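Student: Throw the hints in and build the complete structure from the sequences for me.
As given, the protein sequences belong to chains X and L, one line each in that order. First residue of the first sequence: 1, per my numbering; consecutive thereafter. First residue of the second sequence: 1, per my numbering; consecutive thereafter.
Simulated from the structure, these hints should not be mistaken for laboratory data. Computed from a predicted model, the values in this text were never measured in an experiment. For glycine and all other residues, C-beta sits at the position ideal for the given N, C-alpha and C. Check the hints yourself; a few may be wrong.
Stated by the list, open to error - Okay, the calculated bits of chain L under chain X, using three or more residues with CB under 8 Å as the criterion: (1) 14–22; (2) 112–125; (3) 322–336.
What the hints assert, rightly or not - Examples of chain X residues toward chain L, derived with CB under 7 Å: (4) GLY33; (5) ASP34; (6) VAL36; (7) GLU57; (8) VAL59; (9) LYS60; (10) PHE120.
Said to hold, decoys possible - Using 25 Å as the maximum straight-line C-alpha spacing, the simulated BS3-like pairs for lysine-lysine come out as follows: (11) X:LYS99 / L:LYS360; (12) X:LYS99 / X:LYS3; (13) X:LYS118 / L:LYS360.
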Amino acid sequence: MTKIFYTQDHEWIRLDGDVGTVGISNYAQEQLGDIVFVELPQLGTKIGQGDETAVVESVKAASEIYAPVSGEIIDANTALEGAPVTVNEAAETDGWFFKIRLANKSELDGLMDAAAYKTFVEGLA
Amino acid sequence: MADTIDAPLRNTPLHALHLALGAKMVPFAGYAMPVNYPAGILKEHLHTREQAGLFDVSHMGQAMLSALPGIDIAAAFETLVPGAIAELKPGQMRYTTLLNAQGGILDDLMVTRPVHPEHQHQLFLVVNAGRKAEDFVHIETALAGKATLTRMEDRALLALQGPAAATVLARLVPEAASLGFMHGRRFRVDEVDLVIHRCGYTGEDGFEISVPANAAEAWAKRLLAEPEVAPIGLGARDSLRLEAGLCLYGHDIDETTTPVEANLLWSISKRRRETGGFPGSAILQAQIKDGPKRLRVGIRPDGRAPAREGTEILDLNGAVIGHVTSGTFSPTLNAPIAMGYVSASHATDGTQVNLMVRGKPLAAHITPMPFIPKRFHR
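Tutor: What follows is the structure, encoded as C-alpha cells:
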C-alpha cells in the first residue's frame with residue numbers, strides 16, 4: 001500500500017518508491033470552488049521544499065501549489081489543462097498535478113499522515 | 001472582492017436565509033455576504049444567464065433626497081453629478097457618478113425621479129455599500145440648506161436577474177413586468193410597499209426590488225420558490241458584471257479616475273458636457289476635447305490563464321502601458337476576460353498587448369465591451 005502525506009497548505013503527496021505524486025486535498029478543492037485553470041511545472045525543473053510549483057485558479061482567485069518536498073519534476077498531468085474541473089471531481093486521484101523524484105525522503109517526516117490531516121482540517125472549521 | 005474591516009460585520013435582513021441555503025459567507029464592505037451557495041460560482045453564473053438568479057444586495061445604500069421648499073431637486077443634484085437629472089421623467093432611472101473637484105469618481109449610483117406628482121421634489125438614490133456612509137455625508141453637506149437626505153436603512157434590496165426574470169416577477173407582481181428598462185415605481189402587494197426598478201448589474205433583463213426589511217425574507221422565499229429562480233452569491237455577481245463590461249467601484253473606478261477615462265462618457269449628456277456645472281467639469285471638458293491620456297478597455301488574454309487585478313499591461317516593446325483593474329474567467333465564454341486602463345494610444349480594439357502574469361508575458365488584445373451581448377429589456 002502506498003503512503004500518502006499532507007501539508008498544512010493542503011497539498012498531498014503519494015509515495016511510490018522515490019517518486020511522489022502531488023495534488024491538492026479534497027478539502028482544498030472545496031474551499032477553492034470551481035477550478036478553471038491550472039499551470040503545471042516544466043519537466044526537469046529542480047525545486048526546493050515549499051517552492052511555488054504549480055498554480056490553480058478558480059473563477060475568483062489564483063492559488064499557488066507548494067512543493068511538499070524538494071526534488072526534480074519528472075511528470076505533469078497535462079490532462080488537467082483541458083479539463084481543470086478534474087481537480088474538483090477527483091482531487092486526490094485523477095486530479096494530481098505533478099510527479100517529483102524526491103531529493104530527501106526525510107522531508108516527509110515533517111508532513112501529516114491522513115489521520116493527522118483529517119484532525120488538522122477539522123480544527124479549521 | 002472580500003475585504004477586511006476591524007469593525008464587527010453587519011448582517012442583511014436575509015442573513016438567516018443565506019445560512020439556511022448553505023451559503024459560504026465572506027466579509028464585504030462591512031457586511032457578512034454570501035459569496036456562493038452550494039451550487040458554486042460557475043453554476044450560479046450560468047444559471048443567471050439561462051434562467052433567473054436572486055441576489056441579496058441589501059448592503060447597498062438606499063436613500064431619498066428631498067428638496068427644501070423653493071428648490072429644484074434635479075438642479076441641486078446636478079451640482080454633484082455629471083448626469084442629466086433635469087431631463088429624467090417621472091419613474092425614470094439614470095446611472096451617474098458623484099465626482100470630486102478633480103472630476104474623480106467618489107461613487108457610481110442610480111438616481112430615479114419618483115412617479116407620484118407630489119414627490120417631484122425628491123430623488124431616490126442607490127449607492128455602493130462600501131461608499132454609502134461617505135456618499136450620504138457628502139450629499140448632505142454639499143446640499144445643506146437645499147435638500148435633506150433620508151437613509152432607508154429599514155429596507156432590503158433584492159435583485160432578480162436573467163432571461164426568465166420578467167416571467168417570474170409577473171406571477172407575483174403582474175404590473176411590474178410592464179416596466180420599461182431603467183424605469184421604476186412603487187407597488188403595493190399584500191400590504192407590502194415595494195419599489196421595483198427594471199435594471200441590474202449582470203447584462204441581463206431584470207429587476208431590483210426594494211422591500212421593507214421585515215418582509216424581505218418572505219419575498220426572497222416567494223421568488224426562490226419559482227422553478228426558474230436560484231440564489232446567486234457575490235462571486236457570480238462579479239463575474240456576471242465583468243462579462244457585461246460594468247465597473248466595480250474601488251477597482252475599475254475610484255477617486256483617481258474620471259468618467260471620461262473610465263469610458264463612461266455615455267453617462268454625460270450633450271447638455272451637461274457643454275454647460276458643465278458639476279465638480280471637475282473643466283477638467284472633464286478638457287479631457288473630452290483633447291481626449292483622455294488613458295482609457296478603460298476590455299482585454300481578452302489569448303491563452304487560458306486569467307489575469308487578475310493589478311496585472312501589468314505591456315506594449316509589444318515591453319513598456320508598461322497600464323494595469324488590469326478586474327480579471328476573471330468568463331463562464332459564458334469559457335475563457336479569461338479582464339478590464340483595465342491603458343494609455344489612449346493603445347486603447348484601439350484589436351491592439352496586441354502582453355499581460356505580466358507570474359513574471360511571464362502572456363499575449364492578449366484589447367477588445368470591445370461588453371464581452372457578451374447585452375440582453376436588457378427594451
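Student: Give a verdict on every hint.
Tutor: Status of each hint after checking the structure:
1. With 0 residues carrying a beta carbon less than 8 Å from a beta carbon of chain X, the stretch 14–22 of chain L misses the three-residue requirement, and the given coverage is violated.
2. Under a criterion of three residues with beta carbons nearer than 8 Å to beta carbons of chain X, the stated coverage of the stretch 112–125 of chain L fails, only 0 such residues being counted.
3. Using a Cβ-Cβ cut-off of 8 Å, 4 residues of the stretch 322–336 of chain L lie near chain X, which meets the minimum of three, so the contact claim holds.
4. Contact between GLY33 (chain X) and chain L, as hinted, is supported at the beta carbon level, the nearest pair being about 5 Å apart and thus within 7 Å.
5. For ASP34 (chain X), the interface hint holds, the least distance from its beta-carbon to any beta-carbon of chain L being 4 Å, beneath 7 Å.
6. The interface hint given for VAL36 (chain X) holds, since its Cβ lies 4 Å from the closest Cβ of chain L, which is under the 7 Å cut-off.
7. Because the closest C-beta pair between GLU57 (chain X) and chain L is about 6 Å apart, less than 7 Å, the hint holds.
8. Below 7 Å, beta-carbon pairs count as interface contacts, and VAL59 (chain X) has one with chain L at about 5 Å; its hint therefore holds.
9. The interface hint given for LYS60 (chain X) holds, since its Cβ lies 5 Å from the closest Cβ of chain L, which is under the 7 Å cut-off.
10. At about 20 Å, the closest approach between the beta carbon of PHE120 (chain X) and any beta carbon in chain L exceeds 7 Å, and the interface hint on this residue is violated.
11. Under the criterion of a C-alpha separation no larger than 25 Å, the hint pairing LYS99 (chain X) with LYS360 (chain L) is consistent with the structure, at around 23 Å.
12. A distance of roughly 15 Å separates the Cα atoms of LYS99 (chain X) and LYS3 (chain X); the hinted pair therefore holds under the 25 Å criterion.
13. In summary, the hint linking LYS118 (chain X) to LYS360 (chain L) is not supported, as the alpha carbons are separated by about 37 Å, beyond the 25 Å threshold.
The structure shown violates the earlier hints numbered 1, 2, 10, 13.
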